Amino acid sequence: MSEHLDAMRNFVQAMNQGSPHAIALKMETVALDRDGATLRVPYDEKLIGDPETGVIAGGVVTTLLDHACGQAVHTGLTEFKTIATLDLRIDYMRAAEPGKDIYARAHCYKVTRSVAFVRAVAYDDNPDDPVAAAQAAFMLDSSKGRGFGANLKDRKGDQ
Amino acid sequence: MSEPTERVDAMLARIPYAQFLGVKIELAGDEMTAVLPFGMHLVGNPTLPAIHGGVLGAFMEMTALAQLLLTEGQARQPRVIDVSIEYLRSGRPLTTFARAEIKKVGRRIANVHVEAWQDRRAAPIAALRGHFLVTPTKG
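Protein chains in written order, with this note's numbering: chain A, -11 to 147; chain B, 2 to 140.
There may be inaccurate statements among the hints.
[Claimed, not checked] Below, a sample of chain B positions facing chain A; criterion: calculated Cβ distance under 8 Å:
| # | residue |
| --- | --- |
| 1 | Gly23 |
| 2 | Val36 |
| 3 | Phe39 |
| 4 | Gly55 |
| 5 | Val56 |
| 6 | Lys104 |
| 7 | Val106 |
Calculated directly from the structure, the hints in this document are not laboratory data. Nothing here was measured: the structure is a model prediction, and the numbers come from that model. Idealized CB from N, CA, C, for every residue including glycine.
Please build the complete structure, drawing on both the sequences and the hints.
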């Protein structure tokens, strides 16, 4: 299990550094352990959603929560599997404070053969005073038979 | 009262995050389509490659906000209360479109459904249902 976690710590760093959108948001994984993953997006004026208040866009929180939930799934598995978000439900409790970094802490609480279930909170200072809370379901082995560049080919089975 | 397109364009131009994603609005009469041209900075999974799921969620959220502004008029930007996002297909390196349907607007709360697609309208890649805190100025 700890070997898997060590491998996953390297994997999530590679995932952050290899994902253009994670780079664009300057998203970082600050902790990865048996209980899940903690990620951070630093405050940046280009991510402001409400110009009157300077509050970061809800969409950034959405992306951070999706990314954190995905990484938490890897801590809940015992071997690496490709995953894809099936659904993501988010409650926005309050606006994030302008100027503060946003964190998300995600915990994978159940894994079945095909699906993983995750809960997460986004916060600026204190996880007990969340900005948003999320509940997500992920499909496991989502890329089975779909290798490198699969999305550059025509879609199958949609006709 | 300015033209509806100008009003929505002006709103998007003022939002740094909308500029960062590259969201645009097209109007055919009173029917609004939000457009997200593909850009490398939107990619979450570089091996497929696929647009980040969070970006699709954010794009659909913004579509709902723009639709509320366009249809209802808003004293201030609507606040998102909750969203439920369904991911149906992987977001390919193509232009993404979205259309919103306002299911109900009250004095304080609006319920909006959004659907996003790429090359085929009949094969949506994601859907969003959400509640928004609103301040309608019309009606």
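Here is how each hint holds up against the structure:
1. Among the interface hints, the one on B:Gly23 is violated; its C-beta lies about 11 Å from the nearest C-beta in chain A, farther than the 8 Å criterion.
2. Taking 8 Å as the C-beta cut-off, the interface hint given for B:Val36 is violated, the closest approach to chain A being about 16 Å.
3. Checking B:Phe39 against chain A: minimum C-beta separation of about 11 Å lies over 8 Å; hint violated.
4. Restraint check, B:Gly55 versus chain A: the minimum CB separation of about 2 Å is within 8 Å; hint holds.
5. Interface restraint check: B:Val56 against chain A, minimum CB-CB distance 6 Å, threshold 8 Å, status holds.
6. For the restraint placing B:Lys104 at the interface with chain A, the shortest Cβ-Cβ distance is roughly 17 Å, beyond the 8 Å limit, so the hint is violated.
7. For the restraint placing B:Val106 at the interface with chain A, the shortest Cβ-Cβ distance is roughly 19 Å, beyond the 8 Å limit, so the hint is violated.
When each numbered hint is compared with the structure, violations occur for hints 1, 2, 3, 6, 7.
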